[in-house]
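Enquirer: As you go down the protein sequences, you meet chains H and A in turn.
Mapping to this note's numbering: the first sequence position 89 is 89, numbers consecutive.
Mapping to this note's numbering: the second sequence position 181 is 181, numbers consecutive.
Calculated directly from the structure, the hints in this document are not laboratory data.
Please note that a few of the clues may not be correct.
The calculated lysine-lysine pairs, modelled on BS3-like cross-linking and capped at a C-alpha distance of 27 Å, are [to be verified]:
| no. | chain 1 | residue 1 | chain 2 | residue 2 |
| --- | --- | --- | --- | --- |
| 1 | H | K23 | H | K51 |
| 2 | H | K51 | H | K157 |
| 3 | H | K153 | H | K23 |
| 4 | H | K157 | H | K52 |
| 5 | H | K52 | H | K23 |
| 6 | A | K25 | A | K167 |
| 7 | H | K68 | A | K180 |
| 8 | H | K51 | A | K124 |
| 9 | A | K132 | H | K111 |
| 10 | A | K122 | A | K165 |
| 11 | A | K219 | A | K209 |
| 12 | A | K147 | A | K226 |
| 13 | A | K25 | H | K68 |
| 14 | H | K57 | H | K68 |
| 15 | A | K78 | A | K165 |
| 16 | H | K68 | A | K209 |
| 17 | A | K209 | A | K286 |
| 18 | A | K132 | H | K51 |
| 19 | A | K235 | A | K112 |
| 20 | A | K279 | A | K122 |
| 21 | H | K68 | A | K124 |
| 22 | H | K52 | H | K87 |
| 23 | H | K51 | A | K78 |
| 24 | A | K122 | A | K132 |
| 25 | A | K204 | A | K219 |
| 26 | A | K167 | A | K122 |
| 27 | A | K180 | A | K146 |
| 28 | A | K132 | H | K52 |
| 29 | A | K124 | H | K52 |
| 30 | A | K78 | A | K112 |
Computed footprint of chain A on chain H; a stretch qualifies when at least three of its residues, placed anywhere within it, have a C-beta under 8 Å from a C-beta of chain A [as the list claims (entries may be wrong)]:
| no. | stretch |
| --- | --- |
| 31 | 34-44 |
| 32 | 109-123 |
Think of the CB as a built atom: it goes at the ideal place given N, C-alpha and C, for glycine as much as any other residue.
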Amino acid sequence: MSKDCGKLDEAGNTALHSDYPDKLNNIIHLFETLPEDERRETIVSYAENAKKQEPRKDEQFDLVDVRKDEECMDTVGVYLQVDENGKAHIRMTLGPEVQTLTRAMTAILCKGLEGCTPQEILDLPSDFVTRIVGAELVRIRSQTIYYVLTRIKGICKVYLDRQRMAEVA
Amino acid sequence: MATNPTQYAHPDALVETDWLEKHLKDEGIRIVESNEDVLLYDTGHIPGAVHIDWRADLQDPVIRDYITPEKFAELCSKNGITPDTTCIFYGDKANWWACYALWAFRLFGHGKVKILNGGRDKWKAEGRPMTKERSTYPRANYPLPKKRFDKEIRAFADEALAQSKAKKPLIDVRSPGEFKGEVTHMPEYPQEGVLRGGHIPGAKSMPWKTATNEDNTFKSAPELAKIYFDQCGVKPGTDTVVYCRIGERSSHTWFVLTYLLGLDNVRNYDGSWTEWGNKVGAPIEKGA
Numbered sequence: 001m002s003k004d005c006g007k008l009d010e011a012g013n014t015a016l017h018s019d020y021p022d023k024l025n026n027i028i029h030l031f032e033t034l035p036e037d038e039r040r041e042t043i044v045s046y047a048e049n050a051k052k053q054e055p056r057k058d059e060q061f062d063l064v065d066v067r068k069d070e071e072c073m074d075t076v077g078v079y080l081q082v083d084e085n086g087k088a089h090i091r092m093t094l095g096p097e098v099q100t101l102t103r104a105m106t107a108i109l110c111k112g113l114e115g116c117t118p119q120e121i122l123d124l125p126s127d128f129v130t131r132i133v134g135a136e137l138v139r140i141r142s143q144t145i146y147y148v149l150t151r152i153k154g155i156c157k158v159y160l161d162r163q164r165m166a167e168v169a
Numbered sequence: 001m002a003t004n005p006t007q008y009a010h011p012d013a014l015v016e017t018d019w020l021e022k023h024l025k026d027e028g029i030r031i032v033e034s035n036e037d038v039l040l041y042d043t044g045h046i047p048g049a050v051h052i053d054w055r056a057d058l059q060d061p062v063i064r065d066y067i068t069p070e071k072f073a074e075l076c077s078k079n080g081i082t083p084d085t086t087c088i089f090y091g092d093k094a095n096w097w098a099c100y101a102l103w104a105f106r107l108f109g110h111g112k113v114k115i116l117n118g119g120r121d122k123w124k125a126e127g128r129p130m131t132k133e134r135s136t137y138p139r140a141n142y143p144l145p146k147k148r149f150d151k152e153i154r155a156f157a158d159e160a161l162a163q164s165k166a167k168k169p170l171i172d173v174r175s176p177g178e179f180k181g182e183v184t185h186m187p188e189y190p191q192e193g194v195l196r197g198g199h200i201p202g203a204k205s206m207p208w209k210t211a212t213n214e215d216n217t218f219k220s221a222p223e224l225a226k227i228y229f230d231q232c233g234v235k236p237g238t239d240t241v242v243y244c245r246i247g248e249r250s251s252h253t254w255f256v257l258t259y260l261l262g263l264d265n266v267r268n269y270d271g272s273w274t275e276w277g278n279k280v281g282a283p284i285e286k287g288a
């Protein structure tokens with residue numbers, strides 16, 4: 001994990017707190033070095049690759065959560081598999097109405113969080129999103145880019161809760 | 001103007017997908033894509049289309065208002081648009097933002113405007129050509145617009161209040177839940193920052209989608225007349241104000257009333273519910 005990100009707290013002070021997984025950190029750094037045009041092209045490229053994050057034939061999952069929420073325009077499916085080393089592997093499905101930025105964030109998160117533990121994913125701050133997307137593209141109606149992260153964290157939380165319940169049972 | 005029309009008042013304000021595919025390279029037209037999904041144009045668009053972003057290109061970055069006439073002239077010039085260019089707008093979400101961009105062009109007095117009936121979704125569903133190649137055109141010299149037509153086609157909060165008090169037609173085109181005050185956001189959308197739910201007193205609820213068919217094309221003139229003349233109490237010769245949350249869905253209805261039903265006194269209250277619902281001193285009603 002790397003520690004190199006800060007954001008302003010409510011008093012306007014820089015708070016250094018963000019720990020990102022290495023794979024995600026590499027993606028963040030890539031986007032931060034790109035000129036605006038290339039940033040947009042790269043986002044679109046990630047969006048077009050979102051389909052590659054769908055479950056593959058014969059894959060087994062520990063948890064599956066497919067639903068359509070008010071916050072998003074179409075159905076989003078999250079599939080979690082945790083291997084024998086406790087590492088999470090996430091697949092996702094997106095309905096056709098899901099916006100381009102959200103598609104891109106899906107591909108970025110699936111790649112960037114590959115091999116993290118569910119607890120690491122749960123602890124991930126969301127302040128990296130604007131560093132990838134850029135302030136210009138994050139709009140009120142683009143907030144579903146955060147929704148994908150929320151859904152991934154949600155399934156990890158359910159997994160951890162069930163694990164804890166099994167331990168005390 | 002008839003209140004029982006058999007055809008659109010201005011049928012030339014619409015182009016069909018089939019026609020457009022055959023006229024992509026016509027001189028004197030500019031195809032303009034405007035979307036809610038800010039990156040949709042980059043994923044592919046109609047060959048030759050330019051992208052005009054409702055926020056970055058049409059809105060002032062500091063004041064909640066539209067760009068200055070100077071910036072509008074520059075926007076048109078860089079896209080090779082002159083006052084003689086016929087701009088054909090299309091986009092996602094059943095042409096919400098296309099109608100919004102068209103309305104903004106009319107604010108600056110650009111008269112030659114059309115909508116692609118059915119918008120981007122219909123074009124794509126029909127398997128018509130798309131490209132990722134960004135379209136560029138020789139720079140034009142768009143003259144500085146002499147005035148902005150705010151008074152003619154735009155309503156401000158005090159005018160919406162006057163409309164309400166005078167019990168003149170005021171159409172709320174949001175979803176029924178938003179109108180009733182049950183929710184403060186559109187279905188499937190995030191909260192856009194409004195304190196109160198409900199509607200402007202006296203407004204009639206007529207969701208924008210009532211004007212469209214399943215394929216996002218506009219309903220026929222007799223159907224539209226029934227909706228707006230019979231059910232909403234809109235009358236030729238009486239001012240009408242339309243509103244939604246931020247003015248894009250109401251631009252769609254403004255287009256229907258102005259171009260398809262031929263009313264010449266319809267104004268879009270673009271401040272809409274994100275202004276009214278937060279505005280100190282503004283009265284609201286809740287319920288159906």
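Enquirer: Take the hints in turn and mark each one as holding or not.
Expert: Status of the hints after comparison with the structure:
1. H:K23 <-> H:K51: Given that 27 Å is the threshold and the Cα spacing comes to 19 Å, the pair holds.
2. H:K51 <-> H:K157: Distance of about 25 Å is within 27 Å: holds.
3. H:K153 <-> H:K23: holds (17 Å)
4. H:K157 <-> H:K52: Roughly 24 Å separates the two Cα atoms, so the pair holds.
5. H:K52 <-> H:K23: Status holds; Cα separation ~17 Å.
6. A:K25 <-> A:K167: This hinted pair is violated, its Cα atoms lying about 48 Å apart.
7. H:K68 <-> A:K180: It holds: about 23 Å lies between the C-alpha atoms, which stays within 27 Å.
8. H:K51 <-> A:K124: Holds, at about 19 Å.
9. A:K132 <-> H:K111: holds (25 Å)
10. A:K122 <-> A:K165: violated (41 Å)
11. A:K219 <-> A:K209: holds (10 Å)
12. A:K147 <-> A:K226: violated (35 Å)
13. A:K25 <-> H:K68: violated (41 Å)
14. H:K57 <-> H:K68: holds (23 Å)
15. A:K78 <-> A:K165: Distance of about 44 Å is beyond 27 Å: violated.
16. H:K68 <-> A:K209: holds (21 Å)
17. A:K209 <-> A:K286: Distance ~21 Å between A:K209 and A:K286 Cα, so the pair holds.
18. A:K132 <-> H:K51: Holds, at roughly 19 Å.
19. A:K235 <-> A:K112: holds (26 Å)
20. A:K279 <-> A:K122: The given pair, whose Cα atoms are some 38 Å apart, is violated under the 27 Å limit.
21. H:K68 <-> A:K124: It holds: about 24 Å lies between the C-alpha atoms, which stays within 27 Å.
22. H:K52 <-> H:K87: holds (20 Å)
23. H:K51 <-> A:K78: This hinted pair is violated, its Cα atoms lying about 36 Å apart.
24. A:K122 <-> A:K132: Cα-Cα ~18 Å, so holds.
25. A:K204 <-> A:K219: With Cα atoms ~20 Å apart, A:K204 and A:K219 stay inside 27 Å; holds.
26. A:K167 <-> A:K122: violated (38 Å)
27. A:K180 <-> A:K146: violated (41 Å)
28. A:K132 <-> H:K52: Judged against 27 Å, a Cα distance of about 21 Å means the pair holds.
29. A:K124 <-> H:K52: Measuring from Cα to Cα gives roughly 22 Å; hence the hint holds.
30. A:K78 <-> A:K112: holds (18 Å)
31. 34-44: holds (count 4)
32. 109-123: violated (count 0)
Of the numbered hints listed earlier, those contradicted by the structure are 6, 10, 12, 13, 15, 20, 23, 26, 27 and 32.
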